[in-house]
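J.: Chains as they are written, first to last, in numbering that gives the first Met the number 0: chain U, 0 to 350; chain W, 0 to 503.
These are calculated hints, taken from the structure and not from any lab test.
This structure is a prediction, so every number in the text was calculated from the model and none was measured.
Beta carbons: idealized from backbone N, C-alpha and C, even for Gly.
It is possible that some hints are incorrect.
Said to hold, decoys possible - These stretches of chain W come out as covered by chain U in the derived footprint (C-beta under 8 Å, 3 or more residues):
#	stretch
1	136 to 148
2	322 to 329
3	345 to 353
4	457 to 467
Unchecked claim - Ranges between beta-carbon positions, derived for each pair:
#	chain 1	residue 1	chain 2	residue 2	range
5	W	LEU140	U	THR49	52 to 60 Å
6	U	THR49	W	VAL391	37 to 45 Å
7	W	SER410	U	GLY206	18 to 26 Å
8	U	GLU343	W	ALA8	57 to 65 Å
9	W	SER410	U	LYS311	28 to 36 Å
10	U	GLN81	W	SER170	49 to 57 Å
11	U	GLU160	W	VAL488	56 to 64 Å
12	U	LYS170	W	LYS430	52 to 60 Å
13	U	PRO251	W	LEU46	30 to 38 Å
14	W	LEU481	U	GLU160	48 to 56 Å
15	W	GLU55	U	ALA168	51 to 59 Å
16	U	ALA126	W	LEU10	54 to 62 Å
17	U	ALA126	W	GLU17	55 to 63 Å
To be verified - Now the stretches of chain U that chain W is said to cover, found in silico as 3 or more residues with beta-carbon under 8 Å:
#	stretch
18	52 to 61
19	65 to 71
20	86 to 98
21	168 to 177
22	208 to 219
23	307 to 314
The lines below spell out each chain.
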Amino acid sequence: MFASLRPWMAALSATALLAAACAPSAPTPPAPPAGQGQPAAPVDSGPFPTKPIEIIVPFAPGGGYDALARQLAVPLQKELGQPVVVKNVAGGGQRIAARQFQQSEPDGHTLLYGSDTPLYTSTFVDAPEGFDIFSWLWVAGIRGQTPMVAVPSNSPYKTLEEVLAADKAGKKLRFGHNGIGGFLPTQVAFANAVGIKNGVWVGGFTGTADIAPAFVRGDLDIEVWTPLSSTTKFVESGDFRPLAVLDAKRSPTLPNVPTARELKWPGVEKLEALGSQSGIAAPPKTPADRVAKLEKAVLNALKDPDFAKWAKDTGVAEDLIPSTGKEFGALKLKEYGLWKTLSEDLKKAVN
Amino acid sequence: MFDLSPVWAALGQLARPEVFGLMLLGNVIGLVFGVLPGVGGGNAFILFLPLTFGWEPEVAIWFLMGMQGASSFGGSLPAILIKVPGDTVNAVAIFDGYPMTRRGEATRALGIDVMSNILGATIGAIVVIALLPVMRGAVLLFGPAELFWVAIMGLFTIALASGGNFLKGLSGGAVGILFSLIGYSSVIGVQRFTLGRDYLWDGVQLISLFIGLFAIAQVIEFCTAEVPISRLTTGFKGFEGLRRGAVEVFSMPGHLLRSSAIGTLAGIIPGIGATASAFISYSMAIQFSKKKHLFHKGNPEGLVAANASINAKEMGSLIPALGFGIPGSIEGALILAALLFHGLQPGPFLLRDQPGIVWALILSLWISNVFGTLLGLFWANWLSRLMAVRVVYMAPIILVSSLMGVYLVRSNIWDIFMAIFFGVVGYALNKAGFPVVTFVIGFLLGQLAERYFFQATQIGLGDPAIFFDSPISLTIAGITALMVVGVVVSGVRSKRAAAAEVQV
Chain U
0 MFASLRPWMA
10 ALSATALLAA
20 ACAPSAPTPP
30 APPAGQGQPA
40 APVDSGPFPT
50 KPIEIIVPFA
60 PGGGYDALAR
70 QLAVPLQKEL
80 GQPVVVKNVA
90 GGGQRIAARQ
100 FQQSEPDGHT
110 LLYGSDTPLY
120 TSTFVDAPEG
130 FDIFSWLWVA
140 GIRGQTPMVA
150 VPSNSPYKTL
160 EEVLAADKAG
170 KKLRFGHNGI
180 GGFLPTQVAF
190 ANAVGIKNGV
200 WVGGFTGTAD
210 IAPAFVRGDL
220 DIEVWTPLSS
230 TTKFVESGDF
240 RPLAVLDAKR
250 SPTLPNVPTA
260 RELKWPGVEK
270 LEALGSQSGI
280 AAPPKTPADR
290 VAKLEKAVLN
300 ALKDPDFAKW
310 AKDTGVAEDL
320 IPSTGKEFGA
330 LKLKEYGLWK
340 TLSEDLKKAV
350 N
Chain W
0 MFDLSPVWAA
10 LGQLARPEVF
20 GLMLLGNVIG
30 LVFGVLPGVG
40 GGNAFILFLP
50 LTFGWEPEVA
60 IWFLMGMQGA
70 SSFGGSLPAI
80 LIKVPGDTVN
90 AVAIFDGYPM
100 TRRGEATRAL
110 GIDVMSNILG
120 ATIGAIVVIA
130 LLPVMRGAVL
140 LFGPAELFWV
150 AIMGLFTIAL
160 ASGGNFLKGL
170 SGGAVGILFS
180 LIGYSSVIGV
190 QRFTLGRDYL
200 WDGVQLISLF
210 IGLFAIAQVI
220 EFCTAEVPIS
230 RLTTGFKGFE
240 GLRRGAVEVF
250 SMPGHLLRSS
260 AIGTLAGIIP
270 GIGATASAFI
280 SYSMAIQFSK
290 KKHLFHKGNP
300 EGLVAANASI
310 NAKEMGSLIP
320 ALGFGIPGSI
330 EGALILAALL
340 FHGLQPGPFL
350 LRDQPGIVWA
360 LILSLWISNV
370 FGTLLGLFWA
380 NWLSRLMAVR
390 VVYMAPIILV
400 SSLMGVYLVR
410 SNIWDIFMAI
420 FFGVVGYALN
430 KAGFPVVTFV
440 IGFLLGQLAE
450 RYFFQATQIG
460 LGDPAIFFDS
470 PISLTIAGIT
480 ALMVVGVVVS
490 GVRSKRAAAA
500 EVQV
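Please work from the sequences and hints to get the whole structure.
T.: What follows is the structure in structure tokens.
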């Protein structure tokens, strides 16, 4: 009788061991005062890097962030003299990765490259514990994603004015999204900025992969698409009718599409801040000299000819915003400030 | 019609010895990863993608597709031989493949497996090539309303798949639906049954559930029964059994065509996964079969339905990737990742600007399906001897491999605990006589039905007419209604027959 219990006991004890191993470590330190906590004084923290460097990407393999991280890892490896490995920690609206990153050893060997904007905006709806974006150290800015406002090519609307007039007449305007950790914040912020009152937030999509076909079918009326580089193909193919790009200047790949500023759209200041920037972060308390070394390596890697060629071929090059950690941190603070003002609208859109 | 020169160019690539060699190498890797329970072809793809850095894109495609094409056949081998699926899509092959093995017909089952794999991929390839000029329209045919009906039709197949016990089948399906609702719902913006944990934000992971229900549950079964997997001497008896099995597939053109069509369609429409389409095609095979009572007991038709749809699905998933540059499924996402990695912009212009790449994709996926399957045959001989391996050696290997596979997907330790939990659930379901298949269908389609219902309602601004305004919606709804009538009629008939017998 006991013999038959053996496998069960074995399974149980293994479970207990594993559970102990992955129990959350010490609670996260209290958040430092607001503002990107750039390391204070550079002290020599010894030789670095001494082992492979891991870049956590909070998405499953195959997406845009993953592709860029893997391409960048190659020249970065040359710069740092240690292997650079991309680790995909998908799930939980990036929160699982954020938590893992926050708790990782702050020795410069663990970095994060993800999309922090949704990670931040989703905190308006619930207050997740275990990570604090404001404590992260920015190593370098990588990519700025310019949004584009478009309607399907068979839409009756040709300008924002026509859209706004329809809205005023009580017409419902359908936007597609994939949740608070996805495209929803941008849609709500756009509607808020230009004054659309009758927005309908059609949820349940997984991302561009199913929003785009629904859009082309005419199931949706208008959409803010980010990033530009992954949607230009739909403009070129004639599926989307672009109304404007939300950036200070026109996009080189879509030179015929005007900017919101040229068209004098309402709330243009807010609209231009909608593009989400992404950079590489190091966990809090990483020694300053290591962050500086990583910053230099990343900025050099971005200039690597092979990487540059890949970026050009895939259209990513246009979005690249190589910037120092300090510049990027300042940019982020400004961006978070804008989202903060929209927190109430976001909560309403979700419920 | 078509300009055929890129086709010849793509085929010409294969004539280069290094390309052919790399494709075969890809096949072998795909087979190994496929055979290992829990570790699917997707893992191989991700693992080896960085290796192709700096290769010519065409060469990398032949290699990567070589892995992709072979892995699903690899995964069907352990499903048929030891009742442990290599990957989630292979779970359906268990239902009729393993009972055949127990009957001593392992070679016949493998023959059917091989031929239905090859033919499924071939039919899928033909459909994809035929659809190339209109592929964008094909993707757009299905919106949320149409997909809602697809999910509903799939859910109704629970009644068909219940086998003997209607009540147990339906209740299993209902519990499956409940499990599918766990997680953050972006339609209604709330978390359900997540116990306040981010881990459950994305819901129950498909891989954890499948590995638990099929692999772990089977390991528990092995450990408690303490017998070799098959007491029968079902070793490989030469090619005669294989040949018979292979030829047999041609005697079921209906099942073959229907399953391939379901698979290809599931590949084309973003939203229905390979695993769900395999289960739907299996249930439909039951519906249309004259030997309904033989399913789950080693009916070759079930095996054909399972395999053909998986391989056709792989081909179909090329369509959204080529037509729109969007991933229709996990397979499609991998293909897009490969293209992007090699600096190619997937999307509507790939066919116009780089037809060579497009044809390399189609041909490499198809040819590697054929070659990988044939290559896998040589293994079958060796693998079928596994059945004689004692459980003390076999069980730990399956356990480690499958839990590793679960962990590989997103490096989350809780996915492993989840798999163990579902292992216990699966074992209990089996013991209590609940058909696992209805539980799985409920899980795969419950949340989809809900999501598409909400989406369609929002898109239609609350007007239910959206559910009936396209011919496709009406057709699928009609088929579903006919299915329901069929089930009721056959239920009433069998009751009458039973009553008549009692009176006599």
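J.: May I ask which of the numbered hints given earlier this structure violates, with the numbers listed in increasing order?
T.: Going through the list in order, the structure violates no hint and respects every one.
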